[in-house]
Amino acid sequence: MSQEHLAVYEVFVRSARGLDHKHVGSLHAESPEHALMYARDCYIRRSEGVSIWVVESKNITASQEEDTENFVDPMDDKPYRHATHYVLPDSVNNM
Amino acid sequence: MQSVDSAAEQAEFDRKIAEEQKIEPTDWMPDDYRKNLIRQMSQHAHSEVIGMQPEGNWITRAPTLRRKAVLLAKVQDEAGHGLYLYSATETLGISRSELIDALQTGKAKYASIFNYPTLSWADVGAIGWLVDGAAIVNQISLQRTSYGPYSRAMIRICKEESFHQRQGYEIMYALAKGTPEQKQMAQDAMNRFWWPSLMMFGPHDSESAHSGRSMKWKIKRQSNDDLRQKFIDQTVPQIEVLGLEMPDPEIKWNEERGHYDSGEINWEEFYQVINGSGPCNHQRIKHHKAAHDNGEWVREAVRAYRAKQNQKAAESAA
Amino acid sequence: MNQQQQNLFRFLVALGDDSVVLSHRLSEWCSNGPYLEEDIALGNVALDYIGRARMFYQYACEVEGKGRTEDDIAYFRNEREYTNLLIHELPINDFAFTMVRQFFVDVFYCEYLKQLMNSSDETIAAIAAKAVKESRYHLKRSEPWIRQLAEGTDESLRRIKDALLELENFVGELFLMSDWEQSLVEQGIAVDRAKLQKDWDAYVQKFLGESNVHFPDSQLQIRGGREGIHTEHLGHMLSEMQYIQRTMPGLQW
Numbered sequence: 001m002s003q004e005h006l007a008v009y010e011v012f013v014r015s016a017r018g019l020d021h022k023h024v025g026s027l028h029a030e031s032p033e034h035a036l037m038y039a040r041d042c043y044i045r046r047s048e049g050v051s052i053w054v055v056e057s058k059n060i061t062a063s064q065e066e067d068t069e070n071f072v073d074p075m076d077d078k079p080y081r082h083a084t085h086y087v088l089p090d091s092v093n094n095m
Numbered sequence: 001m002q003s004v005d006s007a008a009e010q011a012e013f014d015r016k017i018a019e020e021q022k023i024e025p026t027d028w029m030p031d032d033y034r035k036n037l038i039r040q041m042s043q044h045a046h047s048e049v050i051g052m053q054p055e056g057n058w059i060t061r062a063p064t065l066r067r068k069a070v071l072l073a074k075v076q077d078e079a080g081h082g083l084y085l086y087s088a089t090e091t092l093g094i095s096r097s098e099l100i101d102a103l104q105t106g107k108a109k110y111a112s113i114f115n116y117p118t119l120s121w122a123d124v125g126a127i128g129w130l131v132d133g134a135a136i137v138n139q140i141s142l143q144r145t146s147y148g149p150y151s152r153a154m155i156r157i158c159k160e161e162s163f164h165q166r167q168g169y170e171i172m173y174a175l176a177k178g179t180p181e182q183k184q185m186a187q188d189a190m191n192r193f194w195w196p197s198l199m200m201f202g203p204h205d206s207e208s209a210h211s212g213r214s215m216k217w218k219i220k221r222q223s224n225d226d227l228r229q230k231f232i233d234q235t236v237p238q239i240e241v242l243g244l245e246m247p248d249p250e251i252k253w254n255e256e257r258g259h260y261d262s263g264e265i266n267w268e269e270f271y272q273v274i275n276g277s278g279p280c281n282h283q284r285i286k287h288h289k290a291a292h293d294n295g296e297w298v299r300e301a302v303r304a305y306r307a308k309q310n311q312k313a314a315e316s317a318a
Numbered sequence: 001m002n003q004q005q006q007n008l009f010r011f012l013v014a015l016g017d018d019s020v021v022l023s024h025r026l027s028e029w030c031s032n033g034p035y036l037e038e039d040i041a042l043g044n045v046a047l048d049y050i051g052r053a054r055m056f057y058q059y060a061c062e063v064e065g066k067g068r069t070e071d072d073i074a075y076f077r078n079e080r081e082y083t084n085l086l087i088h089e090l091p092i093n094d095f096a097f098t099m100v101r102q103f104f105v106d107v108f109y110c111e112y113l114k115q116l117m118n119s120s121d122e123t124i125a126a127i128a129a130k131a132v133k134e135s136r137y138h139l140k141r142s143e144p145w146i147r148q149l150a151e152g153t154d155e156s157l158r159r160i161k162d163a164l165l166e167l168e169n170f171v172g173e174l175f176l177m178s179d180w181e182q183s184l185v186e187q188g189i190a191v192d193r194a195k196l197q198k199d200w201d202a203y204v205q206k207f208l209g210e211s212n213v214h215f216p217d218s219q220l221q222i223r224g225g226r227e228g229i230h231t232e233h234l235g236h237m238l239s240e241m242q243y244i245q246r247t248m249p250g251l252q253w
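Chains as they are written, first to last, in UniProt numbering: chain F, 1 to 95; chain A, 1 to 318; chain S, 1 to 253.
Keep in mind the hints are simulated off the structure, nothing from the lab.
The reader is advised that the hints may include incorrect statements.
Using C-beta positions, here's what the derived DEER-type ranges look like [claimed, not checked]:
| id | chain 1 | residue 1 | chain 2 | residue 2 | range |
| --- | --- | --- | --- | --- | --- |
| 1 | S | M117 | A | K159 | 54 to 64 Å |
| 2 | A | K308 | F | S57 | 21 to 31 Å |
| 3 | S | L220 | A | Q143 | 54 to 64 Å |
| 4 | F | R46 | A | G243 | 51 to 61 Å |
Capping the alpha-carbon separation at 27 Å, the derived lysine-lysine pairs in BS3-like fashion look like this [as the list claims (entries may be wrong)]:
| id | chain 1 | residue 1 | chain 2 | residue 2 |
| --- | --- | --- | --- | --- |
| 5 | A | K16 | F | K78 |
| 6 | A | K308 | S | K140 |
| 7 | F | K22 | A | K16 |
| 8 | A | K216 | F | K58 |
| 9 | S | K161 | A | K308 |
| 10 | A | K312 | S | K140 |
| 11 | F | K22 | A | K159 |
| 12 | A | K312 | S | K206 |
| 13 | F | K22 | S | K161 |
| 14 | S | K198 | A | K308 |
| 15 | A | K22 | F | K78 |
Only part of the chain A face toward chain F is listed, based on derived beta-carbon distances under 8 Å [unchecked claim]:
| id | residue |
| --- | --- |
| 16 | T26 |
| 17 | G80 |
| 18 | L83 |
| 19 | Q234 |
| 20 | K312 |
All C-beta atoms, glycine included, are put in the ideal place defined by N, C-alpha and C.
Bound conformation, chain F alone (with noise of 0.2 Å):
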């Protein structure tokens, strides 16, 4: 069997100025500079991001799914974080 000669990374592109930069794919390739290259010529062809990133997967650090319980769940009993949690009189709109 062939060996894994190349890293994997993560490509992150922005695709407009003022837009985060949004997940796409991920590609091999031998250094950060290259990989930003591939995802150059791999993931922008029809001029799909005015900007990339690019991340050597090894290096994410992820929240694992047998976490969520201890992890997401305690977020979603705070509903006062949002706006809608607050009830005003009708005469005050678009606050």
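With the hints as your guide, set chains A and S onto chain F.
What follows is chains A and S alone, placed relative to chain F:
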């Protein structure tokens, strides 16, 4: 016996599937779901990559500079789609070299249509129109697949794919409206690629080995026969616009069903090609292996250079 | 066409020929690259050169004013009528050869096209402005490739050296001026290639020197491309490329 934990995980997985939630890479998933996805997604990726060959066969002979640019961009897109799909498959914990190895040793399959030769320029048109057309029908359905990375890759691919079909049809149209000789080329290409295109949807639902489970897990969203019918229904009027003769004399509108009836596929041929005895099976894998092997020293050099750079960096840091 | 228009036409066709021939070679890498990402990237370089060829040919047809099209120019001339510089037509050989050639022409075009942007001919200046951006990107790709292959393994270094040995004979032609091109330089339309040679040599020698690879210079010249005297390779390329148009001429595709 299932432990309590895995029973709960299974229930959570089933709930997500039932509620049309996507499964994401870090989620727990049944082994068979993972295996099934790897099989289907890698088969899909390999099809894109092997599919570069029959069309690539005409890049250096394209009849105009515009056609040449279009075809090169199109085949390059296939490589891109292969990349998106390998990338999505890798999220399931398998490496690209393992996937390529499976392709080259025949453990993994690819769409059998690419085991047919491209014999004339019209074949490039027929492939774009029919083969990409059939692929789109399938891929649109797969945009709703339950595995997140697969679904996102499909959405991306579908966006790009419609150019492929349109350029193919444009080629066919130019030929069909050209000289009798050109029209004959178009007719011949369509006749040869019609049946293999229908075969792309796989065996009848009743015969399909993986269909049931894939549907249950929402990896597949519509059945082989339904998708095939959809393709026939949308393609027949396009044949009429070209003014070509139907590739299947049994094609006939069925008022009652609201669909076109058509003849039976030669399933013997289907299984023969799938099992490795199509006209180009050996050629395609040989080509892929040769390119891969010829690139070995390049990848080797890249790795050696990288190791040297890392060592230098470590030394200068020390 | 008067003499000046004839020179201009000849110039545009020559630049178009350089591009069309190199794009054809690069397109041969499709499905043959060392890995998928590089396959796609090489395709983009090939597409840039097809685009360039089409722009030069289209403008040539306009200058000629006989109603010919880019495809008439590309598909209905034989090898003695093609006037590309020879370096563009050499077979792709291995990946090292392809990248060394690319590096050589990238270094050349980055400077050549930059100067051509000052052409008194607005169309040419506009084509150069578009093309120079492409070449700058190509160079950004080819340089690290040369670096990696030269400093990778013994085998990759050997292949780089083989490529240099073969290409050093052909690269000098990039700097060769002919009388008709000289007269276009005097009108402010074209660029004096000969003047780019010293800097090109220095740049390439320095770059390769950093990887301990010696490159003598670009003096040794095999010439003939602009006069239609080619290597044996071009005829085969054209017979493949022109096959449909030649067997069924005059049709729409």
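Tested hints:
1. At roughly 35 Å, the beta carbons of S/M117 and A/K159 sit outside the given window of 54 to 64 Å.
2. Checked against the hint of 21 to 31 Å, the C-beta distance between A/K308 and F/S57 comes to roughly 23 Å, which is consistent with it.
3. Roughly 58 Å separates the CB atoms of S/L220 and A/Q143, a value that falls within the hinted 54 to 64 Å.
4. For the pair F/R46 and A/G243, the beta carbons lie near 33 Å from each other, so the given range of 51 to 61 Å is not met.
5. Distance restraint check for A/K16 and F/K78: the Cα-Cα separation of roughly 24 Å lies within the 27 Å cut-off, and the hinted pair is therefore satisfied.
6. Distance restraint check for A/K308 and S/K140: the Cα-Cα separation of roughly 21 Å lies within the 27 Å cut-off, and the hinted pair is therefore satisfied.
7. Proximity of F/K22 to A/K16 is assessed by CA-CA distance (about 24 Å); at most 27 Å being required, the pair is judged to hold.
8. A distance of roughly 33 Å separates the Cα atoms of A/K216 and F/K58; the hinted pair therefore is violated under the 27 Å criterion.
9. Of the supplied pair hints, the one linking S/K161 and A/K308 holds, its CA atoms being roughly 20 Å apart against a limit of 27 Å.
10. A C-alpha spacing of about 23 Å is found between A/K312 and S/K140, which places the hinted pair at or below 27 Å, so the restraint holds.
11. Annotation: proposed proximity of F/K22 to A/K159 holds, straight-line Cα distance about 17 Å (limit 27 Å).
12. Between A/K312 and S/K206, the direct Cα distance comes to roughly 21 Å. Compliance with the 27 Å bound is thereby established for this hinted pair.
13. Using a Cα cut-off of 27 Å, the hinted pair F/K22 and S/K161 is violated, with the two alpha carbons roughly 43 Å apart.
14. Restraint check: the Cα-Cα separation between S/K198 and A/K308 comes to about 33 Å, which exceeds 27 Å; the hinted pair is violated.
15. Our distance criterion of 27 Å between C-alpha atoms is met by A/K22 and F/K78, whose separation comes to about 26 Å.
16. Look at A/T26: its Cβ gets to within about 5 Å of chain F, closer than 8 Å, so that hint holds up.
17. About 6 Å separates the beta-carbon of A/G80 from the nearest beta-carbon of chain F, less than 8 Å, and the hint is met.
18. At about 6 Å, the closest approach between the beta carbon of A/L83 and any beta carbon in chain F falls short of 8 Å, and the interface hint on this residue holds.
19. The interface hint given for A/Q234 is broken, as the beta carbon of that residue sits about 25 Å from the closest beta carbon of chain F, more than 8 Å.
20. Given the 8 Å rule on beta carbons, the hint for A/K312 is violated: about 13 Å separates it from the nearest Cβ of chain F.
Hints 1, 4, 8, 13, 14, 19, 20 from the list above are not met by this structure, while the remaining hints are.
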